[in-house]
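S.K.: Chain by chain, the residues:
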Amino acid sequence: DTEVTQTPKHLVMGMTNKKSLKCEQHMGHRAMYWYKQKAKKPPELMFVYSYEKLSINESVPSRFSPECPNSSLLNLHLHALQPEDSALYLCASSHPGLISTQAGPGRGVGEQFFGPGTRLTVL
Amino acid sequence: GENVEQHPSTLSVQEGDSAVIKCTYSDSASNYFPWYKQELGKRPQLIIDIRSNVGEKKDQRIAVTLNKTAKHFSLHITETQPEDSAVYFCAVGPNAGGTSYGKLTFGQGTILTVHP
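Sequence order for the protein chains is A and B.
Take the first sequence: its position 115, counting from 1, is numbered 115 in the numbering used here, and each next residue is one higher.
Take the second sequence: its position 68, counting from 1, is numbered 68 in the numbering used here, and each next residue is one higher.
In short, the hints are calculated from the structure, not lab data.
Ideal Cβ placement from N, Cα and C applies to all residues, glycine included.
Please note that the accuracy of each hint is not assured.
[To be verified] Computed Cβ-Cβ distance ranges for the label pairs, DEER-style: (1) A:121 / B:42: 16 to 26 Å; (2) A:119 / B:29: 12 to 22 Å; (3) B:79 / A:14: 26 to 36 Å; (4) A:123 / B:41: 37 to 47 Å; (5) B:81 / A:79: 18 to 28 Å.
[As the list claims (entries may be wrong)] Calculated from the model, a selection of chain B residues having no Cβ within reach of chain A, i.e. all distances over 12 Å: (6) 38; (7) 65; (8) 108.
[As the list claims (entries may be wrong)] With a straight-line Cα cutoff of 30 Å, these simulated DSS-like cross-link-like pairs (lysine-lysine) come out: (9) A:22 / B:68; (10) B:71 / A:22; (11) B:71 / B:57.
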């Protein structure tokens with residue numbers, strides 16, 4: 001399996017709702033990422049998990065709560081979101097640790113592979 | 001932190017022409033430089049990458065060149081086709097062993113349109 005999958009594909013929620021986004025990969029990657037992407041903008045890093053531990057939090061508001069239950073799964077729990085949080089939420093995975101200078105494309109450490117994203121609309 | 005600038009923001013070419021997109025970065029310790037292609041409504045897909053011990057890499061019609069001294073790298077697409085139309089993002093990755101490993105800093109993107 002060489003894919004990162006995400007569910008749901010689309011999500012519409014009110015500002016008082018609680019919902020969760022899910023991400024799964026079976027490539028043996030031990031680093032997983034959450035990105036937020038607005039239209040016509042680059043992905044913005046939110047969180048990085050390495051070996052199931054949170055290693056980077058890019059000062060994301062607490063209404064976004066990540067969770068990494070095991071090495072294949074990554075969740076993003078949403079609560080009390082604002083309309084400006086509407087965006088495409090992308091999950092990615094990679095091998096963590098040192099970036100190899102010897103590896104070829106798609107086989108070495110460092111390459112991040114993205115899931116298809118969840119299109120979130122907050123009303 | 002790392003600062004990545006990407007130019008041009010839009011690029012329009014005729015089918016069969018070449019397209020070149022350039023990125024500059026600020027942290028001389030960065031050593032990983034991927035390029036992603038994102039079609040409308042789809043995920044970013046890694047199309048080619050280069051590491052700091054290599055000056056150039058080619059994969060069929062796509063090539064990437066890296067100038068570590070000048071801190072810039074470029075994506076070259078030859079014999080462009082309409083299906084090459086997409087948004088292209090460059091990114092820069094950290095030096096191995098740093099606490100920011102895995103973090104990619106993206107350029108602002110280039111909208112490439114290939115006219116038939």
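S.K.: It remains to establish, for every hint, whether it holds in the given structure.
M.R.: Structure-based check of each hint:
1. A:121 / B:42: 16 to 26 Å: 18 Å, holds
2. A:119 / B:29: 12 to 22 Å: 36 Å, violated
3. B:79 / A:14: 26 to 36 Å: 50 Å, violated
4. A:123 / B:41: 37 to 47 Å: Violated - the Cβ-Cβ distance for residue 123 (chain A) and residue 41 (chain B), about 21 Å, lies outside 37 to 47 Å.
5. B:81 / A:79: 18 to 28 Å: Hint violated: Cβ distance 45 Å, outside 18 to 28 Å.
6. 38: 9 Å, violated
7. 65: 16 Å, holds
8. 108: 6 Å, violated
9. A:22 / B:68: At roughly 38 Å apart (the allowed maximum being 30 Å), residue 68 (chain B) and residue 22 (chain A) break the hint.
10. B:71 / A:22: With a Cα-Cα distance of about 37 Å, the restraint between residue 71 (chain B) and residue 22 (chain A) is violated, given a limit of 30 Å.
11. B:71 / B:57: 17 Å, holds
Going down the numbered hints, you'll see the structure goes against 2, 3, 4, 5, 6, 8, 9 and 10, while the others check out.
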